[in-house]
Structure formats: structure tokens, C-alpha cells
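Colleague: Listed below are the residues making up each chain.
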Amino acid sequence: MAALDSLDRRLIDAYQRGLPLVAAPYAAMAEQLGVSESEVVERLQRLQALDVLSRVGPVFDHARAGASLLAAVSVPETERDEAAAMISRCPEVNHNYAREHRYNLWFVMTAADETQLGVRLDTLEAELGRPLLRLPMLEGFHIDLGFPIPWAELESS
Amino acid sequence: MSVSTCPSDQATREARDENALDALDRAIVLATQSGLPLVPDPWAAIAGPLGIDGSEVRRRMQRMLDSGVIRRIAAVPNHYRLGYLANGMTVWDVDDAHIDRLGRVVAALPGVSHCYRRPRHLPEWSYNLFAMLHGHTRDDVEQQAEALCSLLGDACRDHRILYSSRILKKTGLRLAARSDRQA
Numbered sequence: 001m002a003a004l005d006s007l008d009r010r011l012i013d014a015y016q017r018g019l020p021l022v023a024a025p026y027a028a029m030a031e032q033l034g035v036s037e038s039e040v041v042e043r044l045q046r047l048q049a050l051d052v053l054s055r056v057g058p059v060f061d062h063a064r065a066g067a068s069l070l071a072a073v074s075v076p077e078t079e080r081d082e083a084a085a086m087i088s089r090c091p092e093v094n095h096n097y098a099r100e101h102r103y104n105l106w107f108v109m110t111a112a113d114e115t116q117l118g119v120r121l122d123t124l125e126a127e128l129g130r131p132l133l134r135l136p137m138l139e140g141f142h143i144d145l146g147f148p149i150p151w152a153e154l155e156s157s
Numbered sequence: 001m002s003v004s005t006c007p008s009d010q011a012t013r014e015a016r017d018e019n020a021l022d023a024l025d026r027a028i029v030l031a032t033q034s035g036l037p038l039v040p041d042p043w044a045a046i047a048g049p050l051g052i053d054g055s056e057v058r059r060r061m062q063r064m065l066d067s068g069v070i071r072r073i074a075a076v077p078n079h080y081r082l083g084y085l086a087n088g089m090t091v092w093d094v095d096d097a098h099i100d101r102l103g104r105v106v107a108a109l110p111g112v113s114h115c116y117r118r119p120r121h122l123p124e125w126s127y128n129l130f131a132m133l134h135g136h137t138r139d140d141v142e143q144q145a146e147a148l149c150s151l152l153g154d155a156c157r158d159h160r161i162l163y164s165s166r167i168l169k170k171t172g173l174r175l176a177a178r179s180d181r182q183a
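Quick mapping for you: the protein sequence lines, in order, are chains A and B.
To convert, note that position 104 of the first sequence is 104 in UniProt numbering; the numbers rise steadily by one, no gaps.
To convert, note that position 119 of the second sequence is 119 in UniProt numbering; the numbers rise steadily by one, no gaps.
Hints in this document: simulated from the structure, not taken from any laboratory.
Glycine included, C-beta positions come from ideal geometry on N, C-alpha and C.
Hints are supplied without guarantee of correctness; some may be wrong.
[Unchecked claim] Simulated restraints, written as ranges between beta carbons of each label pair: (1) B:59 <-> A:46: 43 to 51 Å; (2) A:76 <-> B:59: 46 to 54 Å; (3) B:78 <-> A:74: 26 to 34 Å; (4) A:136 <-> B:24: 24 to 32 Å; (5) B:45 <-> A:119: 28 to 36 Å.
[Unchecked claim] Under the rule of at most 20 Å between Cα atoms (straight-line distance), these lysine to any residue pairs were calculated in the SDA-like manner: (6) B:169 <-> A:4; (7) B:169 <-> A:101; (8) B:169 <-> A:59; (9) B:170 <-> A:10; (10) B:170 <-> A:5; (11) B:169 <-> A:98; (12) B:169 <-> A:140; (13) B:170 <-> B:40; (14) B:170 <-> B:135; (15) B:169 <-> A:35; (16) B:169 <-> A:41; (17) B:170 <-> A:27; (18) B:169 <-> A:88; (19) B:169 <-> A:5; (20) B:170 <-> B:53; (21) B:169 <-> A:18; (22) B:170 <-> B:80; (23) B:169 <-> A:138; (24) B:170 <-> B:132; (25) B:169 <-> A:81; (26) B:170 <-> A:36; (27) B:170 <-> B:41; (28) B:170 <-> A:70; (29) B:170 <-> A:98; (30) B:169 <-> A:90; (31) B:170 <-> A:28; (32) B:170 <-> A:32; (33) B:170 <-> B:89; (34) B:170 <-> B:110; (35) B:170 <-> A:7; (36) B:169 <-> B:52; (37) B:169 <-> A:10; (38) B:170 <-> B:55; (39) B:169 <-> A:134; (40) B:169 <-> A:37.
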């Protein structure tokens, strides 16, 4: 893993839970961190290029921003890669994981609304030729406080 | 799109549709879902192509934050790159009578990032509570699952940890335009 200095760590620790929605957010962060705005922008660009940050931006509640559904399908191991590629090819699928279970492919389908979502799932189900286990969210018990980053452990590895 | 000339009508409609996204909100979602531009004034950079100004982008994003459409605007770490190498989707068969209370308890545990109630599909699928656990190793995840198991006690009949063996695709929200591939 790339070396991250104390400013990188402070940036991540301070802003993984939210950054200020003000006219010049990076300048506001710079002021809090005691560095220049251009330094903050450069750091964020670098951390993003290193994939330490997936992005700097809004985290949407999928259920409120549109329709989405977790689905799983059980396919024989020999057909798994082909089925996985079929699922990943859908531009509306935003997560697709192979998991160690009889239901071995798990993915999230998204759409603008419930009707469109149903059509997309039916289409993919027909293409896969196997029944989808459809697992809509009935209730979210969200807290999601973010994670303390294990900087010390990372150092030793 | 019709233009209302009656302010009170418009106020009523705005109050009723406070949480609904209009076309411009959706355009902002599309423009920001893979990240904000890393320039001094990111709002102006987003606003330009949409033909509005930066303060309008900011006002609308604030409203989406207030209504919960946006959970937060943040520097989103890639947990995998930061040492959380093991993630286990745990699934639990929890007594329906207690799931509301227990779901909240589980969601509050450290290491749990997502916790949802989902439907059973008997006989193939009997699990109705999903909790995503994150740790540095599988041992960590297993210890967390064990702690969770004793916490749930008799209300839980069965559980499984489904480790991901491969991440095949992972992107931010993919909100396609309404007209996109309807069929």
C-alpha cells in the first residue's frame, strides 16, 4: 500500500463522515487542517488516484434516490463466470459479488422506479434462465458511523 | 413542464413533493454519483453543463441531504485498500416478533456497516436479517458473528456467513435516466 502521511490520514479520518456543503468546500477543509486549498485538492486527487478514496462526493440512499433490489442466483460453478459476466454487463447493476454459498452470485439492480426495476429483473432472469432470489429491503436499521482506520496495523503490514 | 403562476399552488405542491426528485435533481445526481470535481468551486463545475449556477446545485444538494436522499457528502474510503480485507455478509433467521428491536441493536454494533430486514423465501431461503460485517481477517469477522449470535440468543434460529470470493463489479449509485432502456 502507498505510504500515507499524517495529513492524508487526518483528511480521511476527518471527512469520511461528511464534508462541509459550503461554497468552497476544499478551502474550508484546508482551513480546518491548517494547510492550503491547493494542498487539499492535490491530496484528494492523489488519494483517489491510489484508490485509497473511491470518490469524494455524495453517498446516496439508493432506496430514496430511485429503486434498487438485492438479488441472488444459484448457478453451477462451471457456468458461474459466464453468468457473472451477463449480470455485470447490465449498466444498471452497481454491485456484483461471487459469494461462498449455494446462491453464489449476488448483485444489486437499480432503476429509476419500481416498474422499470421489475422489467430489468425479469429480462435478466430470462437471460440467465434461472430463478432470481429477490430480496427487497423491508427495513433499514442504519447507523453506519464509518470505520476507524487501522493506521498502526497498516504500517506493520 | 408547465409553469405555475399561482404562488400558493406552487408552495403547496413543493411542500407535498418535498422529497420527490425533479428532473434537475436527477441531473445533479447523475453528475455527482461518481464523485465531485476536485477543483476549488466544484458546484460551479457541476452547474455549468446544466445551465444553472453553483448556488442552485448547493441548495438542491442540501435539500437532498435534509430529505435523506443523500446520506452524506464525504471522502469515501476504499475499505479494502485500508486493511479491511475480510467482509462477510451475515444472514440470520430471526423471530419476526423481535426483529425490529434486534435489527436496531445489531446495526449499532461496531464493524456492522449495513443492516436490513428482507423477506424470507421458503423453503429455499429462511433468513430475514442481513448484516454486513467488516474486519481485517476472517477470524475478526467470525468473532463478530459469534458475538452477534449470543446477542440474538433464542430469537435466532440459524445464521450463515457468506464471504465474497470475488468482487465482480462495484460502482457508486447507477441512476439511469428515466428514458434509458425502458424495454
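Colleague: Let me make sure I understand: some of the numbered hints might not hold for this structure. Which ones are they, in numerical order?
Modeller: Checked against the structure, the hints that fail are numbers 1, 6, 9, 10, 12, 13, 15, 16, 17, 19, 20, 21, 23, 26, 27, 31, 32, 34, 35, 36, 37, 38 and 40, while the rest are satisfied.
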